[in-house]
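> So the chains spell out like this:
There are 2 protein chains.
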Amino acid sequence: DPDASVDFAEAEEFLRMCYGDNSKLGSVEPRLAVVRAQIAATGTYVHTPDELAYGARVAWRNSSRCIGRLYWRSLVVLDRRRARTPEEIFALIVRHLCMAGGTAAANREPGAIRPVISVFPQAQPGRPYARIWNEQLIRYAGYRDVNGGVTGDPRAVRFTESMRDLGWRGKGDAFDVLPVAIETPAHGVRLFELPERAVLEVPLVHPEYAWFAELGLRWHAVPAISNMRLTIGGVHYPLAPFNGWYMGTEIGARNLADPDRYNMVPVVAKMMGLDTSKPRTLWRDRALVELNRAVLWSFERVGVKITDHHTESDRFLAHIGNEAKAGREVPADWSWIVPPMSGGATGVFHRYYRESDERPNFYLDADARA
Amino acid sequence: DPDASVDFAEAEEFLRMCYGDNSKLGSVEPRLAVVRAQIAATGTYVHTPDELAYGARVAWRNSSRCIGRLYWRSLVVLDRRRARTPEEIFALIVRHLCMAGGTAAANREPGAIRPVISVFPQAQPGRPYARIWNEQLIRYAGYRDVNGGVTGDPRAVRFTESMRDLGWRGKGDAFDVLPVAIETPAHGVRLFELPERAVLEVPLVHPEYAWFAELGLRWHAVPAISNMRLTIGGVHYPLAPFNGWYMGTEIGARNLADPDRYNMVPVVAKMMGLDTSKPRTLWRDRALVELNRAVLWSFERVGVKITDHHTESDRFLAHIGNEAKAGREVPADWSWIVPPMSGGATGVFHRYYRESDERPNFYLDADARA
Ligand code: HEM
Ligand code: HEM
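Same order as they appear, the protein sequences are chains A and B. Here the numbering used here is used: position 47 in the first sequence is 60, and no number is missing along the way. Here the numbering used here is used: position 334 in the second sequence is 347, and no number is missing along the way.
Here chain A stands alone, though its shape is the one from the complex (with noise of 0.2 Å):
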């Protein structure tokens, strides 16, 4: 509950792990004595930057349904908790954006994708606090069109029609990507158009087949979740948008392929003039292979970073390896660990994981999912 006061135990509980682990940090009793007062008298209490840090890389790595976390130490965390305007907080999005794929600085490559995480102000017991509506900082427009068709990408079609609500006119492409909507306390929801040198885009292109350019089809490099709350040692953070690197799954087999999302697969097997008349020609499942390995080449092909799943799986596993040895269980969802496509040929797909909910995560409010 984002509106209730601190609770002193969580807070210990997270500050001693720290502690614990960070030896450079020095004794933890200090600190504790100032963060029980801090709480006594303003119901909260402020982290280190150290802390914020530390707690943000442990939020990853208690993500059980993140096959990715082999690589939790190497979160970059930008400590944003200063920022109050839309305008302050918009501007720093765009900053997050260019650091995690690599077009921030002229000494590094477009492409080279990083880890990132931007921790804007914590919400404080019982008051109202800055977030952002989107689901993810970049994402494609979806629009309804007379004959119950969908041009973009269905799932945004109601999010699309709450920005054309508050004025927004996207182009009515399929692939358009959607303004951020920043909502404060102060100054309520304001859009704002990503500029170019935020969204890293690849078309898609296939290895073998020259038709497949045609189909138009493209999709953005970093994927970046923007409405899940982290949480750590009893302070709520509800605007920390972060991202890692795509895994092509989960444009080849999940956005791009889904029934209820841009639904290529029928389109695609019948440019590949597959028998399309009965499921048993598994006319699907080669088709799902095709549009994935189109992913993983395009974006091979322009140097913008990108995990297969058989990688990912093998990673995953090392991890697990790296976590026992330390004294960890990993926590972990079987059915968001294992690939949606080929999940037997990965060596994930092969034991089971224990599910529990360890502290500091991510959490999507049920506000959010809205």
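These are calculated hints, taken from the structure and not from any lab test. Hints may be right or wrong, so weigh each one.
Remember, identical chains collapse to one label, so a pair may be satisfied in a single copy or spanning two.
[Stated by the list, open to error] In the DSS-like style, the derived pairs of lysine-lysine whose C-alpha atoms are separated by at most 30 Å in a straight line are:
no.: 1; residue 1: Lys318; residue 2: Lys291
no.: 2; residue 1: Lys37; residue 2: Lys283
no.: 3; residue 1: Lys37; residue 2: Lys318
no.: 4; residue 1: Lys291; residue 2: Lys338
no.: 5; residue 1: Lys37; residue 2: Lys338
no.: 6; residue 1: Lys283; residue 2: Lys338
no.: 7; residue 1: Lys184; residue 2: Lys338
On the provided structure of chain A, position chain B with the ligands as indicated by the hints.
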């Protein structure tokens, strides 16, 4: 606990459900009185043939790992509770396989697979009982060679060794059907060789790749699980082998594909000439699809009933709809229901299930697992 006396409450719950669903059986009250007296006198009770058939069908309906439950009412229940000697049991196992495979009668077609269960004597509290050591009635042997490699099914290596210790000699080929090991309290364990007519098999060919036939792959037509205990109304049937027809992925995406089974994916990929230098060419995924096409195509070609994972996913969702109309929720285990390939391309992927343990049901005991 199969040693304990039957819990009357469990018997009553089952009988009320059974008589409630089958009005032709009349009132349950007199039956309950009889059962209560039987349990008091003997520690257990005896099902009528109607109760047995209904209980076995509902056990299938309650099998939360089974995607094939749409046809639960059609299960053929063979009452084999009078069989005592290993010879009797084996003869009835052969009858089961012939009936299941459509090779039993002149007027049926070989390959017209039917779901069948043979129910052998129930366990008597505290007394030893007959069982079959095999995990399935038909499985292939696995032989470890001097280099540590395996000919045949690696999963069967330990079982094959124990068969050898008991005097069995296999041909040493990749697809040697194992003997059936039947243990009874009075006769110890005895091995029986299945006759040819009980073992319908399908040689695997590919609809396009002529070289596929030369891999010499084959698989049996009837998957008949023989190590699970059937529990109905507190009564345990430790020997109750049952079969359905295959879903292609069980053979093409697990038995022939898993690295610790026949591990054919790299072989097929090599024959296809795929670039296996890195995982992101998705050579595993492509070879896996072709292996599965071969399975489905080969069975269809020779008229042996088999289903594909797309069709079976749709049927399972239909089953959920039927059950909802009957006021029942379908217990299901996501990680078993979602097929091991193209998971996201099937409807069953895109929802959650309740994983409850309803009775009657099938259970895998620890000693059967060994
Ligand atoms: C570095 C590369 C990364 C890869 C390859 C990766 C991979 C994935 C994948 C494949 C999923 C499942 C997505 C889906 O099926 O919708 C996922 C979920 C998730 N990941 Fe990661 N991830 C990465 C980085 C991160 C980072 C940096 C964080 C947080 C700091 C994170 C936190 C999460 C969370 C919270 C979820 C669950 C999202 C939800 O519930 O919708 N991941 N990840
Ligand atoms: C009629 C066609 C049938 C189909 C297509 C079918 C399909 C399946 C599949 C694909 C699995 C998962 C197997 C695995 O991944 O190892 C399964 C498991 C199971 N099925 Fe069915 N099934 C059928 C009939 C039956 C029947 C007749 C019964 C019992 C009377 C049954 C009971 C079960 C049980 C108990 C399991 C779990 C086995 C375990 O825990 O290892 N099924 N089924």
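> With reference to the structure, classify each hint as holding or not holding.
Verification of the hints:
1. Lys318 - Lys291: Classified as between: cross-chain Cα gap 15 Å, same-chain 37 Å, threshold 30 Å.
2. Lys37 - Lys283: neither (61 Å within a copy, 53 Å between copies)
3. Lys37 - Lys318: neither (34 Å within a copy, 67 Å between copies)
4. Lys291 - Lys338: Between copies only: 28 Å across, 49 Å inside.
5. Lys37 - Lys338: This pair counts as within: shortest intra-copy Cα distance 22 Å, inter-copy 63 Å.
6. Lys283 - Lys338: neither (50 Å within a copy, 37 Å between copies)
7. Lys184 - Lys338: Answer is neither; intra-copy 53 Å and inter-copy 45 Å both fail.
Violated hints for the displayed structure, listed by number in ascending order: 2, 3, 6 and 7.
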